[in-house]
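Given next are the chains, with one letter for each unit.
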Amino acid sequence: MEVALEDNNLMEKVLPPDEQEIDVELEAKEKKYLRGEGANLESLKDKKLKTQLASREKLYGKSAKAAAKIEKWLLPASAGYLETEGLEKTWRIKQTDIAKEVRETVRDVAFLHNDQFFAAAQKKYSYIYARDGTELHCLKERGPVARLRFLKNHFLLASINKIGQLHYQDVTYGDMVASIRTGKGRTDVMEVNPYNGVVALGHSGGTVTMWKPTSQAPLVQMQCHPGPVSAVAFHPNGHLMATSGKERKVKIWDLRKFEEVQTIHGFHAKTLSFSQKGLLAAGTGSFVQVLGDSSGGGGGYSRYMSHSMVKGYQVEKVMFRPYEDVLGIGHSMGWSSVLIPGSGEPNFDSWVANPFETSKQRREKEVHLLLDKLPPETIMLDPSKIGAMRPSRRKERPTRGEIEVEKEVAIEAAKSVEMKKKTKGRNKPSKRTKKKKELVENAKKTFPELEHSNIAGKKRRIGEDAAAELPASLKRFARKN
Amino acid sequence: MRIKTISRSVDEFTRERSQDLQRVFHNFDPSLRPMEKAVEYQRALTAAKLEKIFARPFVGAMDGHRDGISCMAKNPNYLKGIFSASMDGDIRLWDIATSRRTVCQFPGHLGAVRGLTVSTDGNVLVSCGTDCNVRLWSVPRPSLEDSDLSSEKSTEVVHSICGLYLQECVILSFTSRAVDHQFEGDLFATAGAQLDIWNHNRSQPVQSFTSGSHSVISVRFNPGEPDILATSSGDNHISIYDIRMSSAARKILMRTKTNSIAWNPMEPMNFTAANEDGNCYSFDGRKNEEAKCVHKDHVSAVMDIDFSPTGREFVTGSYDRSVRIFPYNGGHSREIYHTKRMQRVFCVKYSSDATYVISGSDDTNLRLWKAKASEQLGVILPREQKKHEYNEAVKNRYKHLPEIKRIVRHRHLPKPIYKAKAESRAMNDAKRRKDDRRKAHSAPGTVVTESHRTRRIIKEVE
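Residue numbers (UniProt numbering), protein chains in the order written: chain A, 1 to 481; chain B, 1 to 462.
Simulated from the structure, these hints should not be mistaken for laboratory data. Heads up, a few of these hints could be off.
Below, computed lysine to aspartate or glutamate pairings styled on EDC-like, alpha-carbon distance capped at 16 Å [as the list claims (entries may be wrong)]:
no.	chain 1	residue 1	chain 2	residue 2
1	A	K32	B	D29
2	B	K387	A	D372
3	B	K37	A	E377
4	A	K69	B	D29
5	B	K4	A	E85
6	A	K31	B	D29
7	A	K29	B	D29
8	B	K37	A	D382
9	A	K65	B	E36
10	A	K475	B	D436
11	A	K277	B	E40
12	A	K152	B	D436
13	A	K72	B	D29
14	A	K360	B	E40
15	B	K37	A	D372
16	A	K32	B	E36
17	A	K373	B	D436
18	B	K4	A	D372
19	A	K373	B	E40
20	B	K49	A	D372
21	A	K385	B	E40
Chain B is nowhere near these chain A residues, computed Cβ spacing over 12 Å in every case [said to hold, decoys possible]:
no.	residue
22	N114
23	I128
24	G185
25	D372
26	P471
Part of the chain A face toward chain B, derived, beta carbon under 10 Å [unchecked claim]:
no.	residue
27	R248
28	K249
29	G342
30	E357
31	V367
32	L371
33	G387
Beta carbons are placed, not taken as given, at the ideal position from N, Cα and C, and that holds for glycine.
Looking at chain A on its own, in the form it has when it is part of the complex:
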């Protein structure tokens, strides 16, 4: 993309107020494209590297500005909305206002990387079928599967079976990458976090555990609800997770701090789903409620729209359609879809997902996806860590000075303890002083490093931190790094 060199002098002129407004808006959009803070170049000593990185950072800034401008001016479609006037509430608006086969039990279905293949978890085993229904593979290793999910970037088919085993299989060459015994029993609540590829399971004890294929122990275990977890859903930006429990609460969690952000009372949501724009759909009984976020960060979910079906229909699963303002509802009598304005992303990127793609484009895209297939080791809680600098460890260990200070404080605390005055002749002064000495010794014992170093003083390497404490004549022997 050609980025014309901006004349920096223009930016310093005083702009008319509406242009200033546009500037502020553009800056807010720019933040999204900058993908986090810039690198800290002050601590670099290598001048060549510093100038190279500084010029690269400038280039990132320019490209973020250009992308923000494109988003503002050049994108072809705009999002849907539902605006009310006066005292109207959005949830009162009904759908009428807006417009007008295998004979076995199949527990779950999942599409693979495109719509040509799908996997079905049937009664005994799971099978992979082509689009027209021909059976391609029978996946016997997994046993009776309760849920199936596909990790798109890694080409992994993840499944949880009735015994509580988690299986990951690479569908490009059929290898079973991992089979993990979760140890928490049978569950059929499984979701994939699209931001980092981590699989979350909701258990009957109220815990949500997160797994990656390369480790046998879960990454995270969160106690979310007092009772069993009924449904889990992830926001597409990866920071928010919604869980619902049988005690009729829906909780919204922030995944960066693993803290609860919001609780919504009143109904037991059997199924949850987030849309591309952050709307949360919850289905209970024959009633579907869509919640919208009034605040940007995720704490302000409130009723946006609702839809109730005919009394006999039990809602099993809700799912938002990507790039459209449509919510699909799977219920006991079949499938229906409702319109939810403002839920889908209006502008698609042809290289990511093209609803209008031809078969030639689909075939090429498949090849490119395979070339970019990620190995299972890249699944981690924070995917932006790849390529980042390892934080320097030196600051973590407390310096010798700090340890000494802490030691002083502990000794002072031990000395100032009020000794209980004993009666009946047991209050001898010698015994009291002995007891006090014991307390001080115990306080000193909790700092074993210093103790040891006093003994083996000569052999100790004199660290950089200790250089400041050395007498001047010994400073030249401080170890340089």
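Keeping the supplied structure of chain A fixed, place chain B upon it in accordance with the hints.
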């Protein structure tokens, strides 16, 4: 209330006829692209591996000389031709593009030819040799049917300084070691026991510089300033002369002698000197107390050096049978070329379109190499070009990570060079450790570590 939902009409998003291009839409929102860094890393890894797969730098060898090749010259006006001269007096013009054969020969020298250069308009070839002759030849104009020139032709000496031939033997009572032509103008310089400046039409040197007892080994005119030239002499000096003045403008004394000098065509005040101790030193012509950069990678003496026309890289040929390509401001080579059949490399040239490197060596062959080993030659479609650029950029972004660094840095070295490098590394480590200890045990300030940029320079004169 106002309601709007997303509605897309099919004709906006699909093409009308099958001859049209498919429509492409962009949305750069990062939330649509999960795990983009991991995908980029994967692409960088694939790009690094593909680069290694396609790395075939050797294009061909040109056989014909009967003795080791001593010098080469580029014709500034004709991209496909290169002149080479050997130790038995044989001068040839090669066509390196299509046929890799000799186009014509210039016989006449009786001994080894030591220097070759071409005038800027491409018409006159100047050669000098151990038989104390300096000869001027007229270069045949390339005809339109170049590809038909497959047979060897020998041309007569058209413009040898007739009548003065014998006289030259007398005047040049020394062998000349090098010759170079001015970039704009009619003057050329020969280096021998003294430095002489000649004009095409005169039989006596226009100007002479004598510089002590040692002979001048190499000479090079500055591409930016037509009157400035740099020379190196056998007593370890590098001198910069202005031909309008009567003595050297600047002189640098180093510890070992410099075999060859090349000026940076894009930054004409900087030059790089190929030294006998295996390093190349880049100097700023105006400030000579310390080198701008020391390029260390050769194991044995560096015999010749030439800059790329972009000014960003230079190629060196060394006595240790390898050809290396260095970045102009980096201390280590980015590429090494070697073959079992290539013996001591005496001269190298970077082609004028910055795509090829030509090396002439002791085994009588000229070898043609690609400057970028995995480059695709020929006409490249714009889509291919974009993909190459993307691969290059994404590989550079992650080239510090261990897996990718290992692939990008990996080169096979011939065993003698590998062993010599390991030995020199061990020696340098030991020396550095000892120096550190000596410094730690002396009073602060008495032991001064010399930086590499000044270490090999003894002093600057004038």
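Going through the hints against the structure:
1. K32/A with D29/B: Answer holds: K32/A to D29/B is near 8 Å, not above 16 Å.
2. K387/B with D372/A: Since the Cα atoms of K387/B and D372/A sit roughly 14 Å apart, the hinted pair holds (cutoff 16 Å).
3. K37/B with E377/A: holds, 14 Å
4. K69/A with D29/B: Holds - the C-alpha atoms of D29/B and K69/A are around 12 Å apart, at most 16 Å.
5. K4/B with E85/A: holds, 14 Å
6. K31/A with D29/B: Given pair K31/A, D29/B holds - Cα atoms ~11 Å apart, limit 16 Å.
7. K29/A with D29/B: Holds. K29/A to D29/B sits at ~10 Å (cutoff 16 Å).
8. K37/B with D382/A: Roughly 11 Å between the alpha carbons, so the hint for K37/B and D382/A holds.
9. K65/A with E36/B: violated, 19 Å
10. K475/A with D436/B: Within the cut-off at roughly 15 Å; holds.
11. K277/A with E40/B: violated, 25 Å
12. K152/A with D436/B: violated, 55 Å
13. K72/A with D29/B: holds, 12 Å
14. K360/A with E40/B: violated, 24 Å
15. K37/B with D372/A: With Cα atoms ~11 Å apart, K37/B and D372/A stay inside 16 Å; holds.
16. K32/A with E36/B: holds, 14 Å
17. K373/A with D436/B: violated, 49 Å
18. K4/B with D372/A: Cα-Cα ~37 Å, so violated.
19. K373/A with E40/B: holds, 11 Å
20. K49/B with D372/A: holds, 14 Å
21. K385/A with E40/B: Roughly 13 Å separates the two Cα atoms, so the pair holds.
22. N114: Its Cβ never comes within 12 Å of chain B, the nearest being 17 Å, so this holds.
23. I128: Its Cβ never comes within 12 Å of chain B, the nearest being 24 Å, so this holds.
24. G185: Given that every Cβ of chain B is farther than 12 Å from that of G185/A, nearest at about 30 Å, it holds.
25. D372: At roughly 5 Å from the nearest Cβ of chain B, D372/A sits no farther out than 12 Å, so the non-interface label is violated.
26. P471: The assertion about P471/A holds, with a minimum of 15 Å to chain B.
27. R248: violated, 31 Å
28. K249: violated, 28 Å
29. G342: Constraint on G342/A satisfied, holds at 8 Å.
30. E357: holds, 9 Å
31. V367: violated, 13 Å
32. L371: holds, 7 Å
33. G387: holds, 6 Å
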